[in-house]
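Model the full assembly from the supplied sequences, consistent with the hints where possible.
4 protein chains.
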Amino acid sequence: MDQKIPVAVLGATGAVGQRFVSLLADHPWFEIASVTGSERSQGQPYGEAVKWLLPGEIPTPVREMVIERTDALPSDIQLVFSALPSRVALEAEPELASRGYLVCSNASAHRMEPDIPLLIPEINADHLALIDHQRAQRGWPGFIVTSPNCASTAIVFPLKALDDAFGLSRVHAVTMQAVSGAGYPGVSSIEITDNIIPFIPGEEPKLEQESRKMLGEASTGTIEPGDFQVSAQVNRVPVLDGHLVALSIGLRKKADLEDITRALDTFKPPDSIAGLPSAPEHALLLRHEEDRPQPRLDREAENGMAVSVGRVQPCSVLDYKMISLVHNTLRGAAGGAVLNAELLVKQGFVDKYQESETRSLMP
Amino acid sequence: MDQKIPVAVLGATGAVGQRFVSLLADHPWFEIASVTGSERSQGQPYGEAVKWLLPGEIPTPVREMVIERTDALPSDIQLVFSALPSRVALEAEPELASRGYLVCSNASAHRMEPDIPLLIPEINADHLALIDHQRAQRGWPGFIVTSPNCASTAIVFPLKALDDAFGLSRVHAVTMQAVSGAGYPGVSSIEITDNIIPFIPGEEPKLEQESRKMLGEASTGTIEPGDFQVSAQVNRVPVLDGHLVALSIGLRKKADLEDITRALDTFKPPDSIAGLPSAPEHALLLRHEEDRPQPRLDREAENGMAVSVGRVQPCSVLDYKMISLVHNTLRGAAGGAVLNAELLVKQGFVDKYQESETRSLMP
Amino acid sequence: MDQKIPVAVLGATGAVGQRFVSLLADHPWFEIASVTGSERSQGQPYGEAVKWLLPGEIPTPVREMVIERTDALPSDIQLVFSALPSRVALEAEPELASRGYLVCSNASAHRMEPDIPLLIPEINADHLALIDHQRAQRGWPGFIVTSPNCASTAIVFPLKALDDAFGLSRVHAVTMQAVSGAGYPGVSSIEITDNIIPFIPGEEPKLEQESRKMLGEASTGTIEPGDFQVSAQVNRVPVLDGHLVALSIGLRKKADLEDITRALDTFKPPDSIAGLPSAPEHALLLRHEEDRPQPRLDREAENGMAVSVGRVQPCSVLDYKMISLVHNTLRGAAGGAVLNAELLVKQGFVDKYQESETRSLMP
Amino acid sequence: MDQKIPVAVLGATGAVGQRFVSLLADHPWFEIASVTGSERSQGQPYGEAVKWLLPGEIPTPVREMVIERTDALPSDIQLVFSALPSRVALEAEPELASRGYLVCSNASAHRMEPDIPLLIPEINADHLALIDHQRAQRGWPGFIVTSPNCASTAIVFPLKALDDAFGLSRVHAVTMQAVSGAGYPGVSSIEITDNIIPFIPGEEPKLEQESRKMLGEASTGTIEPGDFQVSAQVNRVPVLDGHLVALSIGLRKKADLEDITRALDTFKPPDSIAGLPSAPEHALLLRHEEDRPQPRLDREAENGMAVSVGRVQPCSVLDYKMISLVHNTLRGAAGGAVLNAELLVKQGFVDKYQESETRSLMP
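Protein chains in written order, with the working numbering: chain R, 4 to 366; chain U, 4 to 366; chain D, 4 to 366; chain C, 4 to 366.
Take these hints with a grain of salt, some might be off.
Since the list gives no way to pick one copy over another, a pair counts as held whenever it fits inside one copy or between any two copies.
What the hints assert, rightly or not - For lysine to any residue, the following SDA-like pairs were computed, each having C-alpha atoms within a straight-line distance of at most 25 Å:
(1) LYS257 <-> PRO144
(2) LYS256 <-> GLN232
(3) LYS209 <-> HIS291
(4) LYS54 <-> HIS30
Hints are computed from structural coordinates only; laboratory data are not their basis. Since this is a predicted model, take the numbers as computed values, not measurements.
Here it is as structure tokens:
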């Protein structure tokens with residue numbers, strides 16, 4: 004197995020699980036050593052149990068792997084990616100952390116817990132400071148790190164750039180979310196053909212809370228949420244991949260349009276994330292055309308890991324409005340969690356894979 | 004021709020023109036006596052010149068009508084419906100008004116002129132007072148009355164109900180607009196399949212101005228626009244018919260959720276519009292499901308003449324948020340203009356068809 | 004309940020069940036007296052248990068009806084419409100027939116049984132002769148009459164017209180089937196957005212057998228299938244309603260294009276179906292445009308009860324090719340079964356509702 | 004310019020032209036030296052004149068190129084790719100050939116001329132023998148080589164494999180063609196949303212003739228078309244990219260299903276095409292799942308250059324049926340023409356770039 008780090012994908016047959024499998028198939032640092040699934044699929048080869056939804060073939064080594072129980076992971080694995088449904092993640096993830104696993108979770112179950120990081124490396128890598136508290140408080144040898152909701156990801160990048168420069172007071176967000184965000188089978192074609200569904204259960208509160216947590220201050224063992232209000236209205240639209248969000252933003256400092264554009268255009272992640280294999284060159288991609296970003300044209304930018312922002316203009320109600328786009332199953336789900344795991348490796352959270360070693364893995 | 008009023012449809016082969024033809028085919032008061040079109044189609048039978056886009060057949064009498072020049076209307080027609088492109092309407096509509104025609108226009112060319120009503124009978128029937136000034140000032144025997152932009156129509160109904168009850172201060176509107184709003188051929192399928200286009204040329208300023216004019220005060224010869232700000236972000240979505248708008252609204256008076264719901268639910272048009280054949284029973288239809296209105300399910304409500312509002316909830320940024328839906332080519336275009344014409348007839352603007360006579364036309 | 008015939012809808016919450024509810028809501032002869040559903044929904048009011056998928060509201064009287072068990076129908080009902088899943092219908096429908104119910108079924112479970120009519124009134128009303136044998140053989144006081152597969156319905160109309168005139172030898176059919184044909188939730192939007200699925204489980208054999216049975220000869224207690232071959236290739240396409248079928252047909256007698264066109268254009272159902280409320284004026288609608296029928300434009304023709312045929316042209320491989328369109332959930336499912344029930348009433352199969360009485364129900 | 008061959012793209016702003024630009028941007032042998040366009044765009048930088056429709060950015064060097072007139076190509080270019088509309092290609096391509104240019108055309112204008120190759124390297128590389136006759140007969144220093152219609156490409160691969168093994172007698176083809184095949188703006192979203200259009204002007208005769216020419220025998224200066232009949236029925240479907248074709252095929256020799264499968268699975272292009280940079284590893288990709296190929300999942304196979312075939316099964320009307328899929332703007336248009344040009348280079352048709360030199364270009 005050379006130097007690659009063995010990992011498991013939990014809930015590997017679902018839509019997000021498939022993205023994990025696809026992204027990890029040729030990953031320079033990680034190697035899938037186990038895939039788990041529900042009772043229905045346990046014991047079957049992955050290639051038979053999965054309804055593969057992505058273009059291209061099922062990656063060869065995984066195709067033959069037998070699907071395991073989530074509570075019976077091989078002991079040589081430390082790092083696990085969770086694409087579990089939230090109701091399953093609720094108990095399974097703490098159980099795994101208590102047994103020493105490092106859980107990079109895409110599930111919503113534990114995102115808002117005060118001692119669990121809601122992590123995007125470019126946004127709040129310093130929130131990893133919570134991990135010590137989490138372990139100490141819960142007595143866990145392992146820990147849980149979560150990725151935000153896919154639409155929250157689209158929102159938090161421009162918010163971070165503007166918060167740093169001008170301070171945020173109020174944010175109004177209207178989302179147009181792709182059907183892949185609902186997983187498989189998810190949204191019935193009967194419901195969404197030639198239609199929009201202006202509701203996604205539980206989604207609006209997530210958007211209203213998660214960006215405040217991500218932009219909050221990590222203090223002793225908890226996060227002080229960002230001091231701004233977010234109001235969200237969510238919509239499901241007949242688009243396969245790519246969540247588009249219309250944002251209107253109120254700022255604490257006065258800024259003209261040029262200031263805003265510059266703050267967005269010069270957004271720079273912390274140096275600590277340099278060298279992570281899944282990190283995009285431009286995490287926030289500012290577009291200047293009058294009609295971009297568009298989901299189909301821009302969702303794959305930087306391998307689906309960039310958030311594209313455009314149509315920045317003054318707003319007569321709050322201060323500035325703009326639109327933001329994220330590939331919801333790449334940056335907004337599996338890709339984001341893989342990037343989180345890369346940061347954990349780089350910062351030495353994974354045993355025996357200290358920074359010095361991972362450097363040797365880097366090209 | 005009995006007692007029916009002969010009318011012309013200008014620009015009858017386009018997408019909105021076809022809706023006029025379809026709506027007027029069995030109208031109880033009006034009868035199509037002339038259809039006009041561009042040079043390309045003049046002289047041909049309507050059934051051959053038109054690329055018919057609506058379900059069902061081309062109405063029989065119109066199918067055989069020869070398409071006329073817009074500037075050579077028969078003299079026995081007084082009332083004309085304009086589905087002309089705006090750049091054509093710019094000159095053609097004043098020319099027609101100066102020759103005595105009463106123009107009910109769906110074009111945007113003259114909507115914002117101070118002495119030209121931007122009319123929705125349920126909202127601002129009193130703005131017809133502008134007509135006398137318009138005629139006097141311009142020396143026209145005829146006049147122009149315009150219908151608002153299709154998305155403005157979705158917005159103005161809930162705004163009217165809330166403005167009357169609580170006063171408006173600020174409105175943020177994010178639209179998801181159907182492809183039929185762009186006419187034919189309009190939006191290319193290559194652009195909109197599996198995609199959203201976050202831009203429609205010239206649309207955002209229309210939304211930001213039109214509802215303020217419609218909710219304004221008609222004073223001597225002009226309109227004092229409503230004293231509130233509107234900020235709009237528009238999107239084209241892969242839906243055939245039906246514009247959905249996410250609204251966030253700031254009010255001048257405090258109101259709890261129940262007050263808001265009641266104001267919307269009890270919205271009542273002025274008595275002056277009673278008996279108009281195209282008037283819906285409920286012009287503003289408040290829905291209480293958590294996931295409605297939806298374009299495909301609700302656009303045809305009340306023959307496509309109702310505006311459906313739902314998901315009313317408090318907003319942490321402004322005061323209340325909700326969504327609103329309009330059938331963009333019925334209430335939001337041809338249907339709205341037909342209703343305007345019905346009001347003109349009822350109020351005696353059409354020669355020899357005073358209210359008493361039209362009453363006899365009513366069932 | 005005046006003179007209306009009380010009926011039950013079995014499996015009333017599913018996609019076809021909803022169409023039954025919608026069609027029967029204002030039916031001149033029938034009145035819904037009971038709705039049944041799966042264990043999950045039993046005991047709940049219909050309006051709460053159903054995920055209503057059709058435009059418009061749930062019909063008022065049904066909205067409040069409590070969903071019953073399929074095996075506990077009220078005794079005053081004789082006629083039942085089955086929208087049961089086939090695996091449920093397999094046992095439930097015979098059980099009901101054995102207890103005296105007259106079952107008009109849309110399920111596929113019993114379609115190919117030799118003594119059960121696969122009925123389309125315009126095509127093979129004479130197959131009702133099987134009912135006596137069915138009852139005698141099985142000792143049932145009731146009976147089962149089935150409706151064909153939705154795509155079979157599109158095929159059998161032009162085949163019937165051509166078989167009567169020229170005899171059929173071979174038929175090749177390629178279908179493009181709407182998502183509503185798969186019921187709810189049916190086809191996942193993730194699978195069908197920007198895509199075609201060239202497979203529907205179990206569908207091709209149905210198409211290859213059903214039209215031969217429908218065009219067969221009813222002899223003593225069974226049907227001698229039509230003496231021609233059918234080969235089918237089926238596809239699921241991203242269209243909401245309306246199955247389109249490309250047909251290539253080999254004939255036994257020579258015929259020129261004009262003969263073919265005339266045979267299709269003059270197709271006339273038997274007189275025995277005159278006066279049935281759901282019967283379309285033109286059951287087979289021949290279109291002459293070069294690009295019709297199209298699902299969205301033509302599926303609603305004659306209230307969704309006409310089969311539209313077009314693009315008739317010589318075929319260099321078999322004899323003639325053409326396309327055919329059916330509204331799959333109206334004529335191809337619920338509408339077809341309601342028409343079957345109307346024929347049963349007219350022919351006196353429903354107690355106390357002999358032809359003379361139903362005549363008095365007709366307008 | 005090192006060793007790369009300078010080429011021009013004619014009609015470079017259209018949908019196929021953009022694919023040429025995209026494919027040639029990083030081509031190992033070719034380098035875009037000129038782009039041409041209609042009068043409307045001449046003189047503008049490509050990046051301003053084009054409405055870019057593909058994901059990702061306009062390739063950098065081309066973005067700044069000024070669009071030229073098609074009849075004023077720089078003299079140092081010999082090889083040109085034509086994405087001209089057919090009516091323009093009709094005169095422009097012969098004119099260019101008469102002036103010494105080697106025209107690889109995607110236009111339909113000259114496909115069926117007896118001395119002009121209709122070329123797919125894997126199918127009929129030997130048809131290049133026509134070029135000598137073409138030049139001699141017409142007195143041209145240059146020549147024209149054409150690529151087939153996109154749907155013809157999907158058909159001819161399985162036909163070639165089966166023709167070689169068993170001989171073809173009859174072929175019935177029903178296509179489901181993506182909207183990108185109609186170019187830009189092409190199909191209006193109003194027409195194709197929730198719909199199928201069962202007609203494409205001029206398409207059916209192309210499908211019925213082109214595969215016969217491609218599978219024909221090149222004899223002295225002309226092609227004897229393949230001795231089999233093709234009947235086609237075409238449909239436009241709401242899919243972005245990827246033409247799917249349902250085929251039913253009659254053979255001259257008896258073959259069982261295993262024979263057929265083996266013939267398809269072992270299809271091997273002639274050795275002469277080895278080493279062409281755009282040649283896929285498997286030109287004909289046989290799939291064994293019951294529901295594949297599907298446009299969205301399989302169109303990108305082998306960089307969009309493989310034709311995927313599946314659902315092979317006996318046919319009760321002809322002998323075997325199957326489905327075939329091609330990426331219509333890659334293999335079926337620009338990609339096919341680029342591959343043709345590569346073959347021309349390899350076979351020494353391009354001055355100074357004899358096989359030996361191109362070998363040095365190969366990796």
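We went through each hint and held it up to the structure:
1. LYS257 <-> PRO144: For LYS257 and PRO144, the Cα distance exceeds 25 Å both inside one copy (47 Å) and across copies (52 Å).
2. LYS256 <-> GLN232: both (16 Å within a copy, 21 Å between copies)
3. LYS209 <-> HIS291: between (30 Å within a copy, 22 Å between copies)
4. LYS54 <-> HIS30: within (23 Å within a copy, 36 Å between copies)
In summary, the structure is inconsistent with hint 1 from the numbered list given earlier, while agreeing with all the others.
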